[in-house]
Amino acid sequence: MQNVYSVSQVNHYIKNMFTQDFMLQAISVQGEASNVKYHSSGHIYFTLKDEKGTLACVMFAGNRSGLAFRMEEGQKLIVSGTVDVYERDGKYQLYARCIELSGGGELYEKFEKLKAELLEMGMFDAGYKQPIPRYIRTLGVVTAPTGAAVRDIIRITQRRNPYVQIVLFPAVVQGENAAPSIVQGIYALEQYGVDTIIVGRGGGSLEDLWAFNERIVAEAIFNCSVPIISAVGHETDTTIADLVADLRASTPSAAAELAVFDYDQFIENCRHYSKRCLRTMKSRIELSQSRLDKYRLMLEHKSPMGRVKEQKMHALSIEERMEAAMQSRLLDARHRMELCAQRLHGLSPLGKLKGGYGYVQTADGRSLTDIGQVKAGDLVTVHLENGRLTASVLETEPEQWENGGERLPYNAEANHSEG
Amino acid sequence: MKQEQESRERELSVEEAFAQLEETVSALEDPEISLEDAFARYQEGMELLKYCNASIDKVEKSVQAISEEGELYEF
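Protein chains in written order, with this note's numbering: chain A, 1 to 419; chain W, 1 to 75.
Since the hints were made in silico from the structure, they are not lab data.
Remember, predicted model here, so these are calculated numbers, not experimental data.
We treat Cβ as the ideally placed atom computed from N, Cα and C, and that holds for glycine.
It cannot be assumed that every hint is accurate.
Here are the in silico distance ranges between beta carbons for each label pair [unchecked claim]:
(1) A:ILE285 to W:GLU16: 24 to 32 Å
(2) A:ASP293 to W:SER34: 25 to 33 Å
(3) A:GLN265 to W:ALA54: 15 to 23 Å
Using the sequences provided together with the hints, build the complete structure.
Below you can see the structure in the form of structure tokens.
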């Protein structure tokens with residue numbers, strides 16, 4: 001017959017086994033928190049679980065310094081402490097000294113591993129990033145057809161530029177089918193031929209976003225010939241897709257802002273260039289015009305026509321001077337003529353006639369100045385002041401006059417002499 | 001020749017057109033440029049602007065969705 005032991009003996013024995021186990025004395029266990037109870041004593045009782053099992057845990061009030069946050073149901077934890085047996089109940093449990101959030105635990109590890117691997121392959125290198133075209137006509141979107149992400153992208157796009165065509169691939173973005181669906185969306189839009197693709201979804205837990213950490217999604221983004229903007233979750237969630245994408249946007253709205261140019265701004269730019277073109281051209285024409293004017297003036301100044309004009313002016317002034325001189329000469333002459341006329345007037349034979357003299361003409365009209373011109377019986381004409389008379393010569397007799405002496409002619413009515 | 005030029009223009013992106021515009025206007029603003037060149041540049045600038053404007057298909061678009069088979073339908 002074998003030895004029979006008491007319950008407490010067995011429990012004590014097992015406890016000793018645990019205590020002597022080096023590994024169980026300082027162990028870190030990863031799992032999801034459940035049945036979390038904050039006891040009034042300050043102790044915290046909870047259960048760690050994974051897909052296949054559960055582990056009872058306790059953190060005593062004295063160890064609370066090892067917990068920096070409020071524990072909640074469903075959190076992924078890494079609990080460090082000792083696995084020991086509670087003899088009274090015959091149960092073992094984990095006595096926690098330190099509790100940390102695992103940040104997804106296994107998934108997190110997978111994420112870090114893939115990230116390191118892809119980084120090593122150079123898939124995040126800036127050299128592979130395609131520039132995002134600034135002016136697109138067609139925008140591809142790979143995201144869930146329902147939800148805030150697609151609504152935000154459509155709203156922002158239509159606000160910035162209603163002329164951009166959005167082509168949506170309604171993808172599954174969460175769960176098992178998400179990764180292949182996203183990959184298919186990228187291929188479909190690349191085949192269709194869009195200018196830029198936004199791949200993304202709204203925020204969520206690491207599990208929710210997990211598809212964006214899958215290798216096939218990373219490879220599809222990397223290999224896509226169309227530039228891809230990633231927009232996964234919120235600012236703080238960085239996925240593999242974000243790292244491999246050509247551009248990372250913090251949110252779906254931000255992705256739309258980055259992908260779609262502002263139409264009003266575009267028109268403003270066009271207007272600005274048009275104005276600059278016009279203004280510059282106008283000033284250039286004006287400049288040429290003023291240069292033309294300047295040269296025209298210079299040319300006119302230097303032209304032979306100018307000299308011709310100058311000489312014409314000179315000739316004109318000479319002509320004027322000549323005319324003036326001529327005029328004054330004529331005036332002088334007229335004066336002199338008048339003077340002469342007055343003097344002449346004083347010497348007129350008619351004046352003599354007034355003094356009782358007569359002017360005698362032969363019958364043939366010649367002045368009778370010599371008695372040899374006539375003989376007795378010839379007719380002569382005698383002009384007096386107020387008329388003429390015809391007389392007949394009775395006789396002729398020569399007569400000698402003393403020089404300068406004065407003597408009346410002997411036949412006054414028949415002769416005339418001025419001496 | 002003309003066809004070649006047209007196809008080249010068609011390939012020009014708006015971004016490239018803007019870059020060329022910037023270059024053209026800068027050249028136009030150079031006080032050393034001859035009047036003939038200025039006219040040529042001006043014309044070029046106006047053509048580019050026309051091109052920029054024309055390359056925007058100014059019809060408001062409705063959102064389309066694409067199926068796995070690549071078929072489009074109204075979203």
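How the hints compare with the structure:
no.: 1; hint: A:ILE285 to W:GLU16: 24 to 32 Å; in the structure: holds (29 Å)
no.: 2; hint: A:ASP293 to W:SER34: 25 to 33 Å; in the structure: violated (19 Å)
no.: 3; hint: A:GLN265 to W:ALA54: 15 to 23 Å; in the structure: holds (18 Å)
Hint compliance for this structure: hint 2 is the single one not met.
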